[in-house]
Amino acid sequence: MTVSILMLFIFGASYLHLTNGVFDMTVMDILKTLLRIEPNPKFDLVIFEFRLPRIVIAALVGVGLGMAGVVLQGITRNGLADPGILGINAGAGAAVVIFMFFFQLHLTSADMSSWLSILMMPIFGFVGGAMAAVLIYTFALKNGHLDMQRLILTGIAINSGFGALSLFLSLKMNAQDYEAAAVWMAGSIYNANWIFVVTMLPWLILIGFYVYRKSYLLDYFQLEEDSITSLGIAVEKEKMKLLLASVGLVSACVSVSGSIGFIGLMAPHIAKQLVGIQHRYVMPVSALIGAALLIFADFIGKTVFAPSELAVGIVVSIIGIPYFLYLLVKSKA
Amino acid sequence: MAFSILAAAPILIAIVALVSVMYGTKDISAITVWQAITAFDPSNVDHQIIRTGRIPRIVAVLLVGSFLAVAGAVMQGITRNYLASPSLMGVNDGSAFMITLAIVFFPGLPNYQMILLSMFGSALGAGIVFGFGSLIRNGLSPVRLAIIGTVIGTFLSSIATAIAMYFQVSQTVSVWYNTKVHMVDMDMLMLAIPFGLVGLVFALVSAKAITITSLGEDIAIGLGQKTKAVKIISMLAVVCLTGTAVALVGKIAFVGLVIPHITRFLVGVDYRFIIPCAAAVGAFFLALCDVLSRFVNYPFETPIGVLTAFVGVPFFLYLVRKHGGEKRA
Chain A
1 MTVSILMLFI FGASYLHLTN GVFDMTVMDI LKTLLRIEPN PKFDLVIFEF
51 RLPRIVIAAL VGVGLGMAGV VLQGITRNGL ADPGILGINA GAGAAVVIFM
101 FFFQLHLTSA DMSSWLSILM MPIFGFVGGA MAAVLIYTFA LKNGHLDMQR
151 LILTGIAINS GFGALSLFLS LKMNAQDYEA AAVWMAGSIY NANWIFVVTM
201 LPWLILIGFY VYRKSYLLDY FQLEEDSITS LGIAVEKEKM KLLLASVGLV
251 SACVSVSGSI GFIGLMAPHI AKQLVGIQHR YVMPVSALIG AALLIFADFI
301 GKTVFAPSEL AVGIVVSIIG IPYFLYLLVK SKA
Chain B
334 MAFSILAAAP ILIAIVALVS VMYGTKDISA ITVWQAITAF DPSNVDHQII
384 RTGRIPRIVA VLLVGSFLAV AGAVMQGITR NYLASPSLMG VNDGSAFMIT
434 LAIVFFPGLP NYQMILLSMF GSALGAGIVF GFGSLIRNGL SPVRLAIIGT
484 VIGTFLSSIA TAIAMYFQVS QTVSVWYNTK VHMVDMDMLM LAIPFGLVGL
534 VFALVSAKAI TITSLGEDIA IGLGQKTKAV KIISMLAVVC LTGTAVALVG
584 KIAFVGLVIP HITRFLVGVD YRFIIPCAAA VGAFFLALCD VLSRFVNYPF
634 ETPIGVLTAF VGVPFFLYLV RKHGGEKRA
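Line by line, the protein sequences give chains A and B.
Residues in the first sequence are numbered from 1 upward in steps of one, following our numbering.
Residues in the second sequence are numbered from 334 upward in steps of one, following our numbering.
Treat each hint with caution, since some may be false.
What the hints assert, rightly or not - Covered stretches of chain B, going by a simulated chain A footprint (3 or more residues, C-beta under 8 Å):
| no. | region |
| --- | --- |
| 1 | 455-469 |
| 2 | 481-492 |
Stated by the list, open to error - Quick list of simulated restraints, FRET-style, between CB atoms:
| no. | chain 1 | residue 1 | chain 2 | residue 2 | range |
| --- | --- | --- | --- | --- | --- |
| 3 | A | L16 | B | V531 | 49 to 57 Å |
| 4 | B | S467 | A | E225 | 49 to 57 Å |
| 5 | A | G12 | B | V531 | 50 to 58 Å |
| 6 | B | K561 | A | N20 | 28 to 36 Å |
| 7 | B | G549 | A | R77 | 28 to 36 Å |
| 8 | A | L141 | B | I554 | 26 to 34 Å |
| 9 | A | L171 | B | I344 | 44 to 52 Å |
| 10 | A | R77 | B | F648 | 52 to 60 Å |
| 11 | A | R77 | B | L351 | 28 to 36 Å |
| 12 | A | L201 | B | V602 | 44 to 52 Å |
| 13 | B | L599 | A | G232 | 51 to 59 Å |
| 14 | A | T2 | B | V531 | 57 to 65 Å |
| 15 | A | G232 | B | K561 | 44 to 52 Å |
| 16 | A | E225 | B | R470 | 19 to 27 Å |
What the hints assert, rightly or not - Selected chain B positions facing chain A (in silico; Cβ < 8 Å):
| no. | residue |
| --- | --- |
| 17 | Y499 |
| 18 | A586 |
| 19 | R627 |
| 20 | F628 |
| 21 | N630 |
| 22 | Y631 |
| 23 | P636 |
| 24 | G638 |
By construction, these hints were calculated from the structure, which means they are not laboratory data.
No experiment lies behind these values; they were computed from the predicted model shown.
We treat Cβ as the ideally placed atom computed from N, Cα and C, and that holds for glycine.
Generate coordinates for the entire structure from the input sequences, incorporating the hints supplied.
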């Protein structure tokens, strides 16, 4: 039931996204183009080259971040955990900037070599994200437990550190690469194209499936540590695996969209409001909510200030931060 | 220790200032520098560089370094919070937010109004963060306040970006938002000096009271301290100092956090010594970062914020590691 409503919402957002923009189209035009009834090269270009990849990317990134958020909140037992706040985004981002810096790829061209290098980006992102995760673990671990306050503080520090590193490297690039890196770092998806979809899809499917299979573990993690151990679960090992999986998800998203915060924070909370606390249900619902939110945020970003576009990351922050503060107020009330 | 710092500071600062004036994209000899100051020749390019570029720059950097360090020291003392600092508590972001609004809605404001608006922004940012902190149970604890401050800072800067985008002045605004030590406005600098000095005087006047407050509210009241008055004066100091610093060069993170800690480590817990020493150490530190910023990516300049972050982040992590989970003020 919830799923079908969410699907409807996603379709609604996609519909808005498809029809509105610098170039308005009617729904009939779009249907005709999509179903190849009356193909019009002009509409083809707008739909297949610009709007559709963008929606698909928004949806995929939303799914990835939504799932990663559920995992992170589950394993840290902390409702305020979010890949952006914890600095995983920034770590993956810095690694991708390093990658861009050394390989100087041109994100727009589509010849073979740049395909290859774009396909490499998530792997680099993963290394950076994993590094951030390791740092977080080293600094936030206290007597074998993750300390929530240290977790978030470390996240703040890692964010600024990797942010400074990215800025430093991006300024050493030549002008063209810098443009690409700057647009990308702002957390934007308006230069989306199908290459990016291909880049992140395998990661998302593989890890997404893995995480979903393991989602029952997240239920156990909410129990006391002793009880989980007595159930015969290797707690730390499973936590580590899930953490790495979520880093993988985040890195795949970051490598195509740049850093987008707060989706991983909001989606799981909304999902839990809708379907309760069983992670088997929370996970897919949170993924769908993430997708819906991101498509919608991107729609707002591209239309509200048209013809200039607001990076989707900024739209998400403006919506997400009041929500974060609300959670903060509520959690201790 | 405090006296030796204060004695050594002028010499060290003079050295770093001389280096800063001499070296850069174009190296200029010390003799030319001397001549530029004593016998200015408008037709000499080197003299022009020194007079209009390098000297305003080093003066601004020294001032901002000391302003931010003192603002951080005052905040840490008065809130008894080892994470308090203009950049973590939304004070910097408040200033930059107001400056964005000013550029968008009242373009061409005179400089002194810009500084006043920036100060108002500081007060606004601090007000929102501390307001939220007091709404939440335990919200004034160091860590919570840092979280709230960071999040509200991000929020304000997102809104500012959106507004700037909408009115298509992003570029003008980003110049303000990113630190701009390389293009200090001479008029602004002249104005910043009195405003900042007022802040420094406030800070020094309340130094003794801050020491007592830093022992704890109860003790302070028991010792007959007017805690409210102290808080108001020291908050005014913070607002003056941060507002001026941001109006002058934009946001710089971590100076206000790191320097007071280093200073306390060197001179102990008495704010009558901490505040002047923090000013000296902050000025020296930022001037050093500024010199380095010209050479790490020579001949291009690196934003000074990158360098302060490279120093500040490890230190911040160390603080978190050391004090993080404890219920320590």
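Inset, instruction - Return the numbers of the hints above that this structure violates; sort them in rising order. - result: 4, 6, 8, 9, 10, 11, 12, 15, 19, 20 and 22
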